[in-house]
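J.: Now for the letters of each chain:
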Amino acid sequence: MELILSLGIGVLVASGVWLTLRPRTFQVIVGLALLSYGVNLFIFAMGRLVTGAAPIMPKGGFVNPEAYADPVPQALVLTAIVISFATTALFLVVIMASRGLTGTDHVDGKERSP
Amino acid sequence: MLGQNLLLLLAVLPFLGAILAVTMPVGARNAEVLLAGAVMVAGLLGLAPLAGEVADGGVVARSIEWAPSLGLDVTLRVDGFSWLMLLLVYGIGLLVVIYARYYLSHDDPVPRFYGFLLAFAGAMAGMLMAGNIILMVVFWELTSLFSFLLIGYWHQNGAAREGARTALIVTGAGGLCLLMAMILLGHAAGSYHLDDVLGAGDRVRAHPWYGWILGLFLLGAFTKSAQFPFHFWLPNAMAAPTPVSAYLHSATMVKAGVFLLVRFSPVLGGTAAWFWVVAGTGMATLLLGAVIATWRNDLKGLLAYSTISHLGLITALAGIGSGGAIVAAIFHIMNHAVFKASLFMAAGIIDHETGTRDMRRLSGLRHSMPRTAALAIVAAAAMGGVPLLNGFLSKEMFFAEAADWHNGTWLDNALPYIATLASIFSVAYSLRFIVTVFFGPPATDLPKEPHEPPVWMRRPVELLVAIVLLVGLWPAAMIGSVLHSGVLAVLGGNAPYYSLALWHGFNVALMMSLTALVLGTVLYFVMAPRLSRANEAPGILSRIRGQQIFDRLMLTLTRRWPARLYRILGSARLQVQLRLIVLLSLGATAATLWGFAGLVPRELLQSFDATFALLWMAGIACAIGAAVQAKYHRFAALALLGGAGLVTAVTFAWLSAPDLAVTQILVEIMTTVLLLLGLRWLPKRLREIEGDNRLAARRRRAIDLVVAGACGAGVAAIAFAVMTTPPGATIGDWFRRNAYAEGGGTNAVNVILVDFRAFDTLGEITVLGIVALTCYALLRRFRPAPESVALPSQQTFNELPPLNCPREREAEREPTRHDLMMLIPSVIMQWMFPLTVALAMYLFLRGHDLPGGGFAGGVGFAIGLLLQYLATDVRFVESRITILPVRWIGLGLVIAVGTGMGSFLFGYPFMTAHAQYVTLPVIGQVPAATALIFDLGVFATVVGATVLIQIAIAHQSLRSARLRARESAEDANPREEREHRLEEQQQQQEGV
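As they're listed, the protein sequences go chains A and B.
Everything in the first sequence is counted per the working numbering, starting at 3 for the first residue and increasing by one.
Everything in the second sequence is counted per the working numbering, starting at 37 for the first residue and increasing by one.
Everything labelled a hint here was simulated from the structure, so no lab data went into it.
Positions of the beta carbon are idealized from the N, C-alpha and C atoms, including for glycine.
Be careful, since some hints might not be right.
[Claimed, not checked] Below are the DSS-like pairs computed for lysine-lysine, each with C-alpha atoms no more than 25 Å apart in a straight line: (1) A/112 / B/667; (2) B/720 / B/667; (3) B/720 / A/112.
[Unchecked claim] Some chain B residues well away from chain A (every beta-carbon gap over 12 Å; in silico): (4) 45; (5) 64; (6) 360; (7) 391; (8) 485; (9) 590; (10) 695; (11) 728; (12) 986.
When you get a sec, could you build the whole thing from the sequences and use the hints?
T.: Dropping the structure here:
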């Protein structure tokens, strides 16, 4: 499990980084989305992997923290998901405006010889 | 207790007054003066009751916790020394306020002036009263800032801007040095409380950092008090209105530096380094200032260099550091403030009434303005150290100290000679001020006909000159007690015996005074014919200008070096920059983790699962596919991106994170729709990009592939290493144990978000709201790419319903092909609307105890609305449902902040949550935590933000439809075009 997930995170990050280094704006936005999946999973994995132990606590009584998944990385990632949606939206609007203003979808706002 | 509250009043009132002042109308001159005057009078009245408490070396202090964990308190304290400085701040402040009423012209915006002036008074009072040395630096920097704003008050004037900037850079940089000094000093003394620091002198002087502390401290003090070689900012600051010069640049702010020197002399002083640097700098400044002042032709320039010289005198006294020297320093701080403020005001009157400050043009003003002349002559005589005036007394003390034996070094032996020489020049420039301006034949070519100023413009000068005379004649009776309490506050039990009598017999000091007076008079009359022809400074000094060196330094530091650095390191290409950033973080991570390379996985916590492996094979394929397709096949890339997102969501669900899974799925839907909407405006690429297969392009892709591969491998390795290491005890344990007990909810994730770490969540939803508004704002001026203006082929084929069909006629119109195609989906989507809303509400309400919450509920609700837009079209939806997303955002934030502030009512800090269960009839036990209300705020903000973004993009279709309609109508009817434009403007004003 750990191996599979870390491979998955690795591929997500690698694809994301490769795309963010590309010259076309749409590539960059897809790359950022992939990168955010990878990073979110990475942060989430810092709480270790457990199955069937969602952090829904019993009402009162003794609580054994070991029996539940760590809620802290989950809380971090939950907000990160919403924020990455917001940044994607902002970036999309910027590239739309840039496309309309400059007439090109190159990240520099003008075509460059490679 | 009364005294302690007065401290708060003294520190806060000027700032409140400043806020009030800037909100007044531009022309409210009298109201502004009343307000500012009232604040100053209140300050004076507040000081009065404190006089008794500080008289015998007592201290009044008040402490408010600020950051107790760092040992930082807001401590205000007043002792005799700061009391007399506060007296200057508020007393001269009051006079300056009255004076400025008549000085400023009708075109000057008064709210800005009085606002800055009051804020400066507050900053100065705060600096003087700070009982914590870090707080002292904070107020110290505030005085620099307000000085900057006041010097640049006439910002249309280039010299004012230049002077303001120079002053800010010099004093601000000094302030940073002071901050470092105070941090080190506090560390060396073991406390940041002023009282503790003042008592830790021996420990500080023996500390290995003493050299650093002293150097940085002196940089701070010297820059502020315009000591050589940092003196050049003060003459440039004379571009400020004269009331500002009188207040800040002679009486108060520049005294902050010497205040600090005197205040900390028991801690840092007494060493050889202190004597050499402080006394040496002070004497050099004293002499240099006096010499240059003699040559200045500008009245204010003369006064500025004279101020520099007198500040040097006080600095030298602080450097000598004996008990008598400290007494003289404190005494001279007061005397100089009084006579120099009156001289600046007099210079302002002369400038105001004659139109010039150039001494080469001014002459014989005693005929046209005899009263002002008399006042200025007395004040200038005090500046020159003429007996029976206050300046004479403290100068005598200075001479006595200079002549006294201290340590026998050559500097100590030279002190009396330098002091006498500087005083000769000081007499000369005072005489020049008096003789050139007021005597001789009446000037003929003045810009204005000179006459006496308005009575109230002269009153402040009259009062100050009266003090000059009274203190000069009866020093002990006038200010003996104030001076005594000031001296006690600095020196404590070591205060020496001193006498404020006028006559001490024929001693060395008197001889020095007389020598200076005689030789100074001779010097002036010998030099007088040549002074006005010289280039504002004698000989070589006229060519060395501190300002030029400073300008050159600034040019090098802020222009040349950055430009060179940019040529070496910079690139305008974003790809190159981004690759550098990625490589840098890769390298930094590798360097950090180098030692841990041998970390071997210890245990696999989870067994291998074939389904999970299959799932991730699909996920990996999607990710790589998206990366490959994103250039030419955007739609495919988008679909594959969605696939990767789904795999992520399933992984969350699999690994005990139902909250994340729900949110991820919902956000995934939103993101996909958003990007689809965006694709409409990013024209399709039909042919291959030119040069895409050249060697250079291929090589870059290969390099990036290696970089990306290294990043991916690195992250995978770290993730694997961490996942296979047992977690040990984490802060998560506390949250798990206390989620229910403290937060009243069983869903630990949600409790963290809305209760334990609600402040973070508040910040996050604020960011979300800001992003949504930014998107909206950016799109309001959106112009689509020319090739995407036309209707896309899908829409032309499907015949969209006409845009301008009124609602009541909709039922009658012919169904288009689009209507028919979308008939079944749109019916389903419309019928699903209540269900979606119910689901969103359900997700929201169960959030505290079960997976769900404000984020998931909010996005779900937004999807419900979005589906309605998809089912029909924008006009159809918006004629039936009114959505005001901006208000949702605002309301959500108000609810969230309001809930947080609710805890104030019960005396708890911001964002303290309360949880309990309420039993309702029929329904039973219902959780009623305040966190639920906070979550409602989160919900509303998320709904507003997501809907605003989507609608803003969706509306671009409407706008471009109007654009097309206008273009086709343009030829036929120009008037219609105008109406269209009007309509568009209205649409923009209405909002979405």
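J.: Next, verify each hint and record whether it holds.
T.: Outcome of the hint check:
no.: 1; hint: A/112 / B/667; in the structure: holds (17 Å)
no.: 2; hint: B/720 / B/667; in the structure: holds (10 Å)
no.: 3; hint: B/720 / A/112; in the structure: holds (17 Å)
no.: 4; hint: 45; in the structure: holds (43 Å)
no.: 5; hint: 64; in the structure: holds (43 Å)
no.: 6; hint: 360; in the structure: holds (65 Å)
no.: 7; hint: 391; in the structure: holds (53 Å)
no.: 8; hint: 485; in the structure: holds (60 Å)
no.: 9; hint: 590; in the structure: holds (32 Å)
no.: 10; hint: 695; in the structure: violated (6 Å)
no.: 11; hint: 728; in the structure: violated (7 Å)
no.: 12; hint: 986; in the structure: violated (8 Å)
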